[in-house]
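Following the hints, put chain B in place on chain A, whose structure we already have.
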Amino acid sequence: MIRGVIIMNDQGKPRLVKFYEFQPMEKQQELIRSIYRILCSRAENVSNFVKVDSLFGPDVRLVYKTYATLYFVFIFDSSENELAMLDLMQVFVETMDKCFSNVCELDVVFNFNKVHTILDEIILGGQVLETSSSQVVKAVEEISRLS
Amino acid sequence: MAGGAPSLMDSLFQRSLDDIIRGLRLCPPGSDSSSAFISRSLDEIRREIKSTDPQMKATALSKLTYLHSLHAADDMSWAAFHSVELSSSAAHSHKRIAFLSASLSFDPSTTDVILLLTHQLRKDLSSPNVHDVSLALSTLSSICNPDLARDLTPDLFTLLTTTKLFVRKKAIAAVLRVFEQYPDAVRVCFKRIVENLESDVDIEILSAVVGLFCELTVKEPRSYLPLAPQFYKILVDCRNNWVLIKVVKIFAKLAPLEPRLGKRVVEPICEHMGRTGAKSFAFECVRTIVTSLSEYDSAVKLAVGKIREFLLDDDPNLKYLGLQALAIVAHEKNMWAVLENKELVVKALSDVDVNIKLEALRLVMSMVSEDNVMEICRILITHALKSDPEFCDEILGFILLTCARNVYDVVFDFDWYVSFLGEMARIPHCQRGREIEIQLVDIGMRVKDARAQLVNVARELVIDPALFGNPFIHPVLAAAAWISGEYIELSRNPFELMEALLQPRTSLLTPSVRGVYIQSAFKVLSFCLYSYLKLNRGDASSYPSALTTDETVASEPLSDTELDNQDMVITHGMMPHNFTRESIMGLVNLVEINLGPLAGSNEVEIQERASNVLGLIKLIKPKIILGCLDQSEGEKIKGEAKASTEIITLIFDALSEELGPVSLNSQERVAIPDGLVLKENLDDLEAICGDIKLPLSTSFSLVKHQLMDGTRISECQSHKEEESEPSTESMSLLAEHRKRHGLYYLGGSENKEMVISNDYPPAHDPQGKAIDEAGDLVKQLTEQSLVLKKKPNQVKPRPVVVKLDDGEGLSAAAKTPEFKADLISGAVQDVLLSNETTSSTSRSKSSKKKEMDNLPESKNNIIEADTSTLSFPGSGRRKQHTHGKERKHQSSVKNKEERDHKDKQKSKHKSRQRADGALAAQSPVIPDFLL
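Chains as they are written, first to last, in the UniProt record's numbering: chain A, 1 to 147; chain B, 1 to 931.
Pulled out of the complex, with its shape left as it was, chain A reads as follows (with noise of 0.2 Å):
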């Protein structure tokens, strides 16, 4: 099951916030923050993997991706696949790409229903549905027709 999705970015602002079991703001602003020290200590060009046992006890897992500005952070256990997390991720950044033309922060900054729209289009209660860029953005074009 995916746990959570993060976006923030590279001063550790979060753009987006969505966590898949009920947690008490300030218990996310903690793992923002902690999560956003272990990231930006990354170089560049190593592995996407964090090792977040200390946050989210063992067995959960953390990926991220840097897209320009943007840290992309998804935080899943066992039951997911890490490479295919960084591909669902991609599906995602796609997706707001093919939205927004040429996705950028301020894209993200701007539309924050229209973010959570395209997400939970793409994950359902921590649980994969669609991993087709094109029928997200079909769905969240319908969804934006409608009154």
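Treat the hints loosely; a few may be bogus.
Said to hold, decoys possible - Think about it this way: if two alpha-carbon atoms lie no more than 27 Å apart in a straight line, the pair counts; the simulated DSSO-like pairs of lysine-lysine are:
#, chain 1, residue 1, chain 2, residue 2
1, B, Lys263, A, Lys51
2, B, Lys123, A, Lys114
3, A, Lys138, A, Lys65
4, B, Lys386, B, Lys342
5, A, Lys27, A, Lys51
6, B, Lys164, B, Lys263
7, A, Lys51, B, Lys333
8, A, Lys138, B, Lys123
9, A, Lys114, B, Lys50
10, B, Lys164, A, Lys114
11, A, Lys114, A, Lys27
12, A, Lys114, A, Lys138
13, B, Lys347, A, Lys51
14, A, Lys51, A, Lys13
15, A, Lys138, B, Lys164
Stated by the list, open to error - Simulated coverage check for chain B against chain A, where a stretch passes if three residues somewhere in it have a Cβ under 8 Å from a Cβ of chain A:
#, region
16, 89 to 96
17, 101 to 112
18, 165 to 171
These aren't lab readings, by the way, just hints derived from the structure by calculation.
Think of the CB as a built atom: it goes at the ideal place given N, C-alpha and C, for glycine as much as any other residue.
For chain B alone, kept in the frame of chain A given last:
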């Protein structure tokens, strides 16, 4: 205005979410202005959200959700009801804002307005608009609680067969949360979910349902064994990597439960692994083979080949995962796989990526055994010297951890390990001084045979003045000083050690470490004096008998090497000419000169310990000068001499008393005595305590004065006696203290000590006995290894207790999360095994267990049939029928017949589930498939 309804102006000029975001971006980062902006916005929102205009309400809620989620602005619970209100809006966009706000801010366990959403969610779940339904499903899985799950199960059930695939796949995903919250939903929905498992359904549906089963299987695999045929079909037929990854994950859980299953799936999985171009799927196959199918050598060989490909790949992710997979292989005792890739692993130790380096290090450490520990440590140490400080430290930490595991399990040659510890301490970046300190002292106490080498290593450390400059090494120096003092009888040259312990650069040490140095000097001094006496006394018979017996007790468990050493020390290191009056006098003067100034130190530890030593010197020195210790004087002096030699003997005995390792849990083992009140507030005692404290401190300072100023020997002597008679007066005081407070500090210490002070409270007898036994075991071990005289022995005084404690802790922690999974699996088994008993809806775990134990006859029969084919664990031993055992070995054909018979029987009963028949028809496939 705040708190009132919004005015027309408000609605005309309401700021949008974009306005808020823009405003926040204008605030300079980290300033107060942004928080002021947020609180101003929140005031607006509080007003706007009360509006009856849904648009205005939606905008307000949207702003609030944004501020809450990304700026942690506010506790949003006050707005929960507004989310509920807005969710009934006709406009989908409003609804979406309301549900987003709910799923981001509602806490399923505490937000009580969730119940008010039930109706709206139900309405949306049956909406003709797929996006309404999808939104409701997504919200449901975010905020699901037991009530919501129970109330919406029927609606979900309907959606599981809808022709709108877009909705059906989401319903399947949402089912997971509903099952977790309300396990009885399994009885309703499970059949329909299984129907979706057919491989000819749409691939998206299949993906969702396989994903669901993957989650369920990870939690409790056993219940899903009967579905193995369906999964197998997917494994063979499906070509979608997402689905295949999940199916392979499911088999990773199922295969260990059923050997025949492993046999069947190992081939297709290997095939997939060789064929697929998707690295993710290939890795999943590798992981499944090395974790769950490790008994199939050829498959493991293929997987290791694949791992090698990963390790050779440029992609750091693959390298990292490859190392992880290799670690699993190593864990399964397939060491050859690691050895085959040894050069790649060692190369990875110098990778740029910390993850990869650490993983490689972990892997290297996992290879450690008693045969190669020396070689590996050698490689790692050379590596540590080349690495950056951080990783160097990491390497040292790993070495220390691995070597100390299970009380130095892998270490065979303690002489080597002890020298190695000394070597590690000298590495410039070493920050593990504290760990090395602990291990040095620990080995000293546990491994008698290592002491000689330990003393050598400690000597090297103590006499090296260059080491004082590095504060990280100070803890190691403390250990070295302690060892030098504690095992001084093994030292070749006590004089040299004394000089080292008193060297001027010790002033660079922290007071606590310096205290250890002084105490060690004290021990060395008392040893030298004692040896001097011993050499000059002629024969032992003129000494107190207590000493002689103590001597025998002390030397009894000594190993040969130590005895050798002692002999050696006495014959070589302590040649009589070394302990001449002159040399002793020189030693005493050296101590006096160096410690004299410290008697006025600000640090109490230093001051007190220095005073102790000086006190001893004051007592002894005049006698040495007089030569009265040489026993060549008259009777009167002889008597005096006897008194002071007695004192020295007593001090030496007290100091040379054996220290044993203490179990971490020894305090816990002590039962709290009946009369002891722990929780009572003792505040009112403060006044009394204050009265008591005062005289105490004055008397303390009086003693100090005596010591500082007093010239009369008798005074010093009396003081000295206080300090130096732990075996008599203070021991009994301590024992009394223990008796009174029921404390038993040194639970794990050697039994010898217990003989000395045998007035421990009898209430702890059983524990005492246990420790005695442990002590005896230690003794036996020691003696055995003495007989063998092969390698240093490992003393393990506390193996069982610690592990038991840990195990208990684990099981207690694991119990709670299992609870729900257990309920789900119970329900799944009921459904899969077509159980007709309509059980009560709310069952606790215990009642569930009970039910499993006293299964109704019909169910028991079915399970038996299953046992014979699937060896359904747990149910087999509950068999009550006499023919059960024989049936196990009968042919599957008969099983099938029986099964059919049972099915017929069953169909007579009124079935609650409509799909029962279908499933029962599927069930007989299992034996065919498996056999």
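Hints and how they fare:
Taking the CA atoms of Lys263/B and Lys51/A, the gap is near 34 Å; set against the 27 Å cutoff, the hint is violated. Proximity of Lys123/B to Lys114/A is assessed by CA-CA distance (about 24 Å); at most 27 Å being required, the pair is judged to hold. Annotation: proposed proximity of Lys138/A to Lys65/A holds, straight-line Cα distance about 25 Å (limit 27 Å). With a CA separation close to 19 Å, the supplied pair Lys386/B and Lys342/B stays within the 27 Å bound.
Proximity of Lys27/A to Lys51/A is assessed by CA-CA distance (about 18 Å); at most 27 Å being required, the pair is judged to hold. For the hint linking Lys164/B to Lys263/B, the alpha-carbon distance of about 39 Å lies beyond 27 Å, and the restraint is violated. Note on Lys51/A and Lys333/B: the hinted pairing holds, with a Cα-Cα distance of about 25 Å set against a maximum of 27 Å. At most 27 Å may separate the alpha-carbon atoms for a hinted pair to count; Lys138/A and Lys123/B meet this at roughly 25 Å.
Proximity of Lys114/A to Lys50/B is assessed by CA-CA distance (about 25 Å); at most 27 Å being required, the pair is judged to hold. Pair hint Lys164/B plus Lys114/A holds up; C-alpha atoms about 24 Å apart against a cutoff of 27 Å. For the suggested pair Lys114/A and Lys27/A, the alpha carbons sit about 25 Å apart, so the restraint of at most 27 Å is met. The straight-line distance between the Cα atoms of Lys114/A and Lys138/A is roughly 13 Å, inside the 27 Å bound, and the hint therefore holds.
With a CA separation close to 21 Å, the supplied pair Lys347/B and Lys51/A stays within the 27 Å bound. The hinted pair formed by Lys51/A and Lys13/A meets the criterion: a straight-line CA distance of about 21 Å does not exceed 27 Å. For a cut-off of 27 Å, the pair hint linking Lys138/A to Lys164/B stands: about 16 Å separates their Cα positions. Counting residues of the region 89 to 96 of chain B whose CB lies closer than 8 Å to any CB of chain A gives 4, so the stated coverage by that chain holds, three being the minimum.
For the region 101 to 112 of chain B, the proposed coverage by chain A is satisfied: 5 residues have a C-beta within less than 8 Å of a C-beta in that chain, meeting the threshold of three. Coverage of the region 165 to 171 of chain B by chain A holds in this model, with 3 residues showing a Cβ closer than 8 Å to a Cβ of that chain against a need of three.
This entry does not satisfy hints 1, 6, going by the numbered hints stated previously.
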